[in-house]
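Chemist: If you want the building blocks of each chain, they are given just below.
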Amino acid sequence: MATRAPDRPAVAPRHRSERFSRQLVHRLDVKASPYAYVTPFLLLFCAFGLFPLVYTAWVSLHEWTLLSDVHEFVGLDNFAFLLGDEYFWNATFNTVSIGLISTVPQLLLAIWLAHLLNRPLRAQTLFRVTLLLPNVTSVVAVVVIFSQLFGRDFGLINWVLSWFGVGAIDWNAGTASSHVAISTMIMWRWTGYNALIFLAAMQAVPRELYEAATIDGASGFTQLRKITIPMIKPTIVFVVITSTIGAMQVVAEPLLFGTYSPTGGPDRQYQTLSLFIYENFAKLDFGYASAISWMMFVFIVIAAGVNYLLTRRSGGNLT
Amino acid sequence: MIARLGAGRTRTLTYLTLIALVFFSALPLYYSLVVASRDNSALADVPPPLWPGGNFFANVARVFDTVPFALALLNSVLVAGSIAIAVMFFSTLAGFAFAKLRFRGRNALLLITVATMMVPTQLGIIPLYLIMVKLEWTGSMYALVVPALVNAFGVFFMTQFLSRALPTELLEAGRVDGCTTWGLFWHVVLPVARPAAAVLGMLTFMSAWNDYFWPLVVLTPENPTVQVALSTLAAGYVSDYALSLTGTTLGTLPLVIVFALLGKQIIGGIMQGAVKG
Chain S
1 MATRAPDRPA VAPRHRSERF SRQLVHRLDV KASPYAYVTP FLLLFCAFGL
51 FPLVYTAWVS LHEWTLLSDV HEFVGLDNFA FLLGDEYFWN ATFNTVSIGL
101 ISTVPQLLLA IWLAHLLNRP LRAQTLFRVT LLLPNVTSVV AVVVIFSQLF
151 GRDFGLINWV LSWFGVGAID WNAGTASSHV AISTMIMWRW TGYNALIFLA
201 AMQAVPRELY EAATIDGASG FTQLRKITIP MIKPTIVFVV ITSTIGAMQV
251 VAEPLLFGTY SPTGGPDRQY QTLSLFIYEN FAKLDFGYAS AISWMMFVFI
301 VIAAGVNYLL TRRSGGNLT
Chain E
1001 MIARLGAGRT RTLTYLTLIA LVFFSALPLY YSLVVASRDN SALADVPPPL
1051 WPGGNFFANV ARVFDTVPFA LALLNSVLVA GSIAIAVMFF STLAGFAFAK
1101 LRFRGRNALL LITVATMMVP TQLGIIPLYL IMVKLEWTGS MYALVVPALV
1151 NAFGVFFMTQ FLSRALPTEL LEAGRVDGCT TWGLFWHVVL PVARPAAAVL
1201 GMLTFMSAWN DYFWPLVVLT PENPTVQVAL STLAAGYVSD YALSLTGTTL
1251 GTLPLVIVFA LLGKQIIGGI MQGAVKG
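Heads up: the protein sequence lines correspond to chains S and E, in order.
Take the first sequence: its position 30, counting from 1, is numbered 30 in my numbering, and each next residue is one higher.
Take the second sequence: its position 91, counting from 1, is numbered 1091 in my numbering, and each next residue is one higher.
For the record, the hints were derived by calculation from the structure and aren't laboratory data.
Yeah, the Cβ is synthetic: ideal placement off N, Cα and C, and Gly gets one too.
Please note: incorrect hints may appear among the correct ones.
Claimed, not checked - To give a feel for the contact side, a few chain S residues facing chain E, derived at Cβ under 8 angstroms: (1) S17; (2) F20; (3) F41; (4) V251; (5) Y260.
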């Protein structure tokens, strides 16, 4: 093979102008191409992410249905009606109730499971994979499966409870029982996921702290309370806030548990805020549904803010 | 010595708890398999059936007769697949720019991206539907794919990964060798980003496969995704749990298999994304 070095002198006459244009291209490349790389993301994101958020506010100020092309501006009328709507307050109560029943035990359990996994164990991978298995299952599958388990007459759960002399519970019918059933579905799906996030944070805590504590004779539980929890505080704040946001948006579980009815049970006993939005959306009352969306957003900001302050303050004594 | 004994007992307790965890995580899935493999009338038995029966394939045939399940599977594979590929590509591209390139407004844009990760998606669902009506995309898969081509989480995830894993010296060396920025992206960034992008792709595929509310809003039962078909099945045949749980088993199985094979990497990705900086 006869490879030859390129003859350099051949390009010499056009040297200056070529170097100049190459520098220009280079400068353009360095200055402009970053924008080209983020533009596809930003464009799509603005069109389908940010714009709808802002537009919701605009729609909420109108009498807006899909049936008519005329959208009358009504100012804050939708919001005024909303505040006097008992269905709205019912949905708010259900959302908060289901949110508390599902989130509080879930996060405590997740921290404890992460604590158990945060030590040398056999079959570590098996346990971690199993933790996430429920999260891989879709919401639809989870609700269908649990609707069967929570069945009044032939459900597995009532069967097990009957060993302890508990009569057949109609889980779907009562307010408290339906909230427990729906919260169980949410917990089953999300506990393991949150445990993994806690575990990731726990693994970043320096080992020496635990070694020193063990020498001082601190029990596992004391170590969890005095070392682990203060050290992973930022992650706890993060998980509490994302769980709050998630809990405020629960919709698929009550919708499917009520076999597709957007009222969340015949007496609206488990209609959440998101389901209330969907009910009005299905009635094509977009203006009102948008107003509910904005109220929900306000609630989310308040709930996230309160939780942020609470979790930051409590137990922050790393001494 | 006493401490050792105590440690041994804690150990046993730990294993027992974790085994209980495995039991409760797997039980609902196992039981849905039991129901799916039975005749519906067998569910009225006391005690309820606890072992799989022989009716699974008959039930599968009934699922395919009741809803357009083959179409649903095809739709879901195409939708989740194209979303995953697009998110991987655009997130790596934008993540590279955010992590390693200097440009005006970079920090502000990144901050906005992170902030909007916290905003609930359902807030925008009504205008999003109005947009789809305008574009005449309701009932079509475009309505699912196009809004999901990018997301803030993906960009944040890749930015985090690349700012840690991609050595700036490597990029400088590439520049000295005369690489353009695109050349750097293609020859230097992509190979480094591959493992994280793969995890992001799997996470995106799973969440797109399982997405329910938006497809329900914008699609019709005649042209569904798997989740929409499953909910039709569950809603129309309330008491026929054998049928609806056969459907959920079929819809969940592909993901569970993927997860069983690649679970370790997926978990690594979730845990990596959780620890910031």
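Chemist: Taking the numbered hints from earlier one at a time, note which ones the structure violates and give those numbers from smallest to largest.
Modeler: When the structure is compared with the hints, numbers 1 and 2 turn out to be violated.
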